[in-house]
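Asks: Residue numbering for the sequence shown follows this note's numbering, beginning at 18 and increasing consecutively.
The set of hints was computed from the structure by calculation and includes no laboratory data. Just to be clear, a hint being listed does not mean it is correct.
Said to hold, decoys possible - Cross-link-like lysine-lysine pairs, in silico, DSS-like; alpha carbons within 30 Å at most:
id	residue 1	residue 2
1	Lys22	Lys71
2	Lys22	Lys83
3	Lys22	Lys72
4	Lys95	Lys83
5	Lys72	Lys95
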Amino acid sequence: MAHMKSVRTLCALTAARDWEMRQYDISQAFTIADCEAGVWIQYLGIAVERDRQKKTITLHQYAFTKQLLASFHGERLKQGRSAPLDDSLPMEKWKGEAINHFDYMRLVGSLQWLVSSTRPDLAFACQLLSRYTSNPGPMQWDQATHVLEYLNSHM
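Please put together the full structure from these sequences, using the hints given.
Replies: What follows is the structure, given as structure tokens:
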């Protein structure tokens, strides 16, 4: 399995030097298609889009992000969040009983996957949310919802 740094480095070199992108290995892990916007490859859920005119390669996980949003009622999320965290929401340890503990851990784990592969902008928010996985309360869920709304606004 390739490390994300290796994939990013290869994509940057490919874009900068205008190299051809080809598939040589692991036929189940890759999908290659020609699109009007350029050639794109999907590698383990991470889409790689190339724009030869702009000499750019973009990594994204739109499909995973849409699935994540849908599993947490994305149709009810607000639009227009400009930052992953809401500074006005306090983050204090919850002393009551955990609220939807399993779902909170699933959400934080999904956000960690996004952070480690294509969304470093969520790193601090994910790190903050992960502090409360043992006993999430309403404040933590409000902040997690804010992160989802940010994702919904910046896909």
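Asks: Each hint: holds or not?
Replies: Hint check:
1. Lys22 x Lys71: holds (22 Å)
2. Lys22 x Lys83: holds (24 Å)
3. Lys22 x Lys72: Holds, because 19 Å separates the two Cα atoms, which is no more than 30 Å.
4. Lys95 x Lys83: holds (15 Å)
5. Lys72 x Lys95: violated (34 Å)
The structure is inconsistent with hint 5 alone, although it conforms to all the rest.
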